[in-house]
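Engineer: If you want the building blocks of each chain, they are given just below.
Protein chains: 2
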Amino acid sequence: MDQKEGHLQLTETSSRAEEGGGLTGFERRMLTGLLEACEHPKLSIVLWNGEELRGSSSEEPVARMHVRDRGALFRMLINPELYTGDDYSAGRVEIEGDLVGCLEQIFRGLDSLPDKSVKARLLRWMNRPRANTLAGSKENIHRHYDLGNDFYRLWLDTEAMQYTCAYYARPDMTIEQAQRSKLDHVARKVQLKPGDVVYEAGCGWGGLARHFVKHHGAGKVRAFNISEEQVRFAREEARRQGLDGRIEYVLDDYRNMSGECDVFVSVGMLEHVGVENYPALGDVINRVLKPHGRGLVHSIGRNKAAPMNAWIEKRIFPGAYPATLAQMMQIFEEHQFSVLDVENIRLHYAQTLQHWLDRFESHEDKVREMYDERFVRMWRLYLAGSKATFLVGALQLFQIVFARGQDNTVPFTRDHLYRI
Amino acid sequence: MDQKEGHLQLTETSSRAEEGGGLTGFERRMLTGLLEACEHPKLSIVLWNGEELRGSSSEEPVARMHVRDRGALFRMLINPELYTGDDYSAGRVEIEGDLVGCLEQIFRGLDSLPDKSVKARLLRWMNRPRANTLAGSKENIHRHYDLGNDFYRLWLDTEAMQYTCAYYARPDMTIEQAQRSKLDHVARKVQLKPGDVVYEAGCGWGGLARHFVKHHGAGKVRAFNISEEQVRFAREEARRQGLDGRIEYVLDDYRNMSGECDVFVSVGMLEHVGVENYPALGDVINRVLKPHGRGLVHSIGRNKAAPMNAWIEKRIFPGAYPATLAQMMQIFEEHQFSVLDVENIRLHYAQTLQHWLDRFESHEDKVREMYDERFVRMWRLYLAGSKATFLVGALQLFQIVFARGQDNTVPFTRDHLYRI
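For the protein sequence lines, the chains are X and S, in the order given. Residue numbering for the first sequence follows this note's numbering, starting at 1 and increasing by one per position. Residue numbering for the second sequence follows this note's numbering, starting at 1 and increasing by one per position.
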């Protein structure tokens with residue numbers, strides 16, 4: 001969608017844009033101060049009256065951010081991370097030019113605020129994650145998870161609808177190829193053998209289970225998920241493909257796993273587990289994993305402990321938290337699991353998100369029919385912003401392979417992952 | 001060396017063996033209790049009077065441990081981890097059969113003592129690491145590090161005398177091939193390019209620097225080490241090979257590094273750094289590493305935090321501490337270094353130690369001439385015990401690759417390590 005055209009549809013914005021007058025001296029000092037504190041991003045800010053302020057005087061801006069009214073400017077000065085997202089969704093802020101590049105500039109800038117500055121501390125306080133799910137979050141959870149399979153089918157890979165980072169074994173892969181390649185990469189990492197019993201914690205639409213049975217000869221996959229709609233879809237798909245005898249999609253919490261398995265996998269669930277529950281996750285794995293079993297945890301992470309981006313945490317994924325590797329080790333230490341391999345494929349998530357964004361944008365009209373313009377803008381910002389977050393290195397994607405500490409049947413080298 | 005022959009030379013032991021009498025009721029209960037607490041190791045204990053007690057009544061012992069006198073038994077009951085090592089060195093304890101296998105049984109047993117048992121707590125207190133280097137440790141440091149190049153040359157690889165874990169790209173490699181292969185593996189992991197400036201923290205006898213210059217075209221290597229004897233050897237070797245123009249061996253602490261580098265490596269130094277100094281190591285790396293630089297730390301580690309084996313910590317490497325991955329992350333977090341890759345090659349250390357042990361045993365006569373029988377026994381126990389420690393999974397070997405958090409020139413996959 002052309003950005004300008006998108007804006008023209010926002011009549012709410014057009015009316016607000018008529019608020020008159022330029023910046024007061026105070027507003028100008030505050031805005032200039034914010035741009036300075038953010039280390040002069042390569043952006044320019046265009047105000048409702050047409051005035052343009054450049055973040056960097058020496059470098060060309062990658063994008064122009066239009067602030068349509070004085071209220072949006074105030075909100076940006078108070079809490080740029082949170083409110084700029086809201087105001088973009090509402091059309092009170094518009095980006096002209098490269099959306100991802102613009103967000104990279106903003107995230108790099110916010111990241112460079114000194115940790116102990118008053119502004120940084122104030123933002124941390126305002127953007128602190130909610131300890132409990134409040135009424136406000138419920139609406140957001142509902143918006144994210146109950147959007148329905150028809151919506152996700154529009155822009156995720158068509159084969160298995162994997163809503164997690166793909167693995168581009170070759171850089172020119174399509175999203176379908178890269179998602180398949182991710183499952184193969186995971187299967188090789190856990191040395192999946194024909195007949196193996198696999199337990200999966202958090203299975204989304206169930207693609208991993210079907211792939212492991214179809215292409216790697218898994219004997220049985222028990223895949224846990226608490227989303228009814230996803231489990232219903234996964235079961236139907238397994239039945240349609242004649243795989244339902246070897247796959248059990250369990251509508252239950254991973255903490256209720258029982259029995260035993262050769263392989264434990266969890267792809268993209270840890271983000272929602274909460275650090276305080278990592279030892280409990282370790283207890284579950286210790287309960288079910290056989291003596292020579294292998295495990296893999298695939299999760300978004302951080303280089304340094306910090307909360308999730310405030311807008312994403314509050315508007316998209318309430319309660320989500322990307323942990324550091326040190327924090328993730330709380331899963332493994334108590335039972336002396338041995339971490340065999342950690343791979344950081346952050347750049348693959350940037351590429352995955354670009355593929356999702358391309359496909360989302362090519363279906364924007366349909367999305368607008370299903371929802372509304374605000375939803376289209378919110379979702380575009382979320383996908384573009386997530387890509388920018390991985391590109392600036394604010395988020396990582398870790399795949400952690402582990403086994404029991406005394407198991408000497410672990411692979412001697414990682415050749416089996418590459419010499420295929 | 002034949003174990004029996006070794007024993008016969010220990011006249012001190014022979015005289016002690018004449019202490020008469022069998023076990024008292026109390027001694028028998030204590031010894032039986034220790035074997036039970038250690039989950040019935042597949043060992044038998046043969047007393048000075050010929051009486052034999054089997055750890056496991058159902059399984060064949062892998063070795064027989066001869067306790068030559070009542071004093072050695074007492075010491076074993078009080079602190080098996082520490083004193084059994086001392087008494088083996090003194091010949092008051094002898095192992096008949098597979099030494100490494102016997103030590104694996106002991107370490108598995110000690111490891112299975114419940115963490116909160118009185119015995120386990122007492123052992124932790126007795127074996128706590130010394131906070132400072134006391135007079136007693138000085139003697140041990142001296143014994144380990146000033147043994148001289150002639151001693152280490154007897155059993156380390158002949159090419160570069162690398163006193164760190166090798167990498168067996170193929171399982172049938174010799175120690176020379178595997179040490180070369182380790183250096184190649186490290187060079188590929190840091191994507192070493194011709195002309196790169198490399199800083200090395202803790203360089204041993206300097207083999208990495210020479211290999212990087214000779215075989216990977218490093219432009220300049222500055223390698224830091226505080227051991228005078230090792231630095232002298234390394235400088236002579238570089239001169240002899242005509243490499244001294246491109247290698248600077250610096251007799252100084254890594255904390256005094258200045259300037260900047262494309263590659264930072266540290267192979268086998270972290271064990272002696274101390275967790276409390278990890279943030280300082282991170283500061284050093286942050287000071288010297290260029291924006292697109294790569295780093296690698298290679299170190300012994302743990303699955304769960306615990307002190308070093310007491311005998312090794314007190315008799316061989318005072319102050320040594322194998323950290324967990326979570327602890328190692330303290331090097332990287334503050335400056336938001338991005339951990340790209342962690343590989344655990346613990347089984348390679350078991351194989352490295354077997355190669356060292358084989359070569360050491362084939363030169364035992366020479367070692368006995370240089371030192372004495374107690375030294376031969378102590379060193380044999382140290383090498384065999386270290387191998388057993390890696391085999392039972394009590395120690396790990398981590399290679400951690402990292403880069404700056406915002407660097408998007410990091411490799412997309414790990415293909416470059418394997419498709420060569």
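Derived by calculation from the structure, the hints in this document are not laboratory data. These figures come from a predicted structure and were not determined experimentally. Fair warning: there could be bad hints in the mix.
Same chains, same names: a pair is fine if it fits in one copy or spans any two.
What the hints assert, rightly or not - Calculated lysine to any residue pairs in the SDA-like style (CA-CA distance at most 20 Å, straight line):
id, residue 1, residue 2
1, Lys314, Thr24
2, Lys214, Thr158
3, Lys304, Gly319
4, Lys304, Ala280
5, Lys304, Gln330
6, Lys220, Ile312
7, Lys304, Thr32
8, Lys290, Arg108
9, Lys314, Gly25
10, Lys214, Cys38
11, Lys304, Gln354
12, Lys220, Arg287
13, Lys220, Asp252
14, Lys42, Gln330
15, Lys304, Gly148
16, Lys304, Val275
17, Lys304, Gln327
18, Lys193, Asn256
19, Lys193, Glu236
20, Lys214, Met161
21, Lys290, Leu53
22, Lys290, Gly268
23, Lys304, Gln336
24, Lys42, Gln177
Engineer: All the hints need checking, so say for each whether the structure fits it.
Structural biologist: Structure-based check of each hint:
| no. | hint | result |
| --- | --- | --- |
| 1 | Lys314 <-> Thr24 | neither (31 Å within a copy, 71 Å between copies) |
| 2 | Lys214 <-> Thr158 | within (17 Å within a copy, 51 Å between copies) |
| 3 | Lys304 <-> Gly319 | within (18 Å within a copy, 29 Å between copies) |
| 4 | Lys304 <-> Ala280 | between (23 Å within a copy, 16 Å between copies) |
| 5 | Lys304 <-> Gln330 | both (16 Å within a copy, 10 Å between copies) |
| 6 | Lys220 <-> Ile312 | neither (36 Å within a copy, 46 Å between copies) |
| 7 | Lys304 <-> Thr32 | neither (29 Å within a copy, 50 Å between copies) |
| 8 | Lys290 <-> Arg108 | between (45 Å within a copy, 19 Å between copies) |
| 9 | Lys314 <-> Gly25 | neither (32 Å within a copy, 69 Å between copies) |
| 10 | Lys214 <-> Cys38 | neither (50 Å within a copy, 45 Å between copies) |
| 11 | Lys304 <-> Gln354 | neither (25 Å within a copy, 39 Å between copies) |
| 12 | Lys220 <-> Arg287 | within (18 Å within a copy, 52 Å between copies) |
| 13 | Lys220 <-> Asp252 | within (17 Å within a copy, 58 Å between copies) |
| 14 | Lys42 <-> Gln330 | neither (40 Å within a copy, 33 Å between copies) |
| 15 | Lys304 <-> Gly148 | neither (34 Å within a copy, 43 Å between copies) |
| 16 | Lys304 <-> Val275 | both (14 Å within a copy, 18 Å between copies) |
| 17 | Lys304 <-> Gln327 | both (10 Å within a copy, 13 Å between copies) |
| 18 | Lys193 <-> Asn256 | neither (25 Å within a copy, 51 Å between copies) |
| 19 | Lys193 <-> Glu236 | neither (26 Å within a copy, 52 Å between copies) |
| 20 | Lys214 <-> Met161 | within (16 Å within a copy, 50 Å between copies) |
| 21 | Lys290 <-> Leu53 | neither (62 Å within a copy, 33 Å between copies) |
| 22 | Lys290 <-> Gly268 | neither (23 Å within a copy, 33 Å between copies) |
| 23 | Lys304 <-> Gln336 | between (24 Å within a copy, 6 Å between copies) |
| 24 | Lys42 <-> Gln177 | neither (35 Å within a copy, 51 Å between copies) |
Of the numbered hints listed earlier, those contradicted by the structure are 1, 6, 7, 9, 10, 11, 14, 15, 18, 19, 21, 22 and 24.
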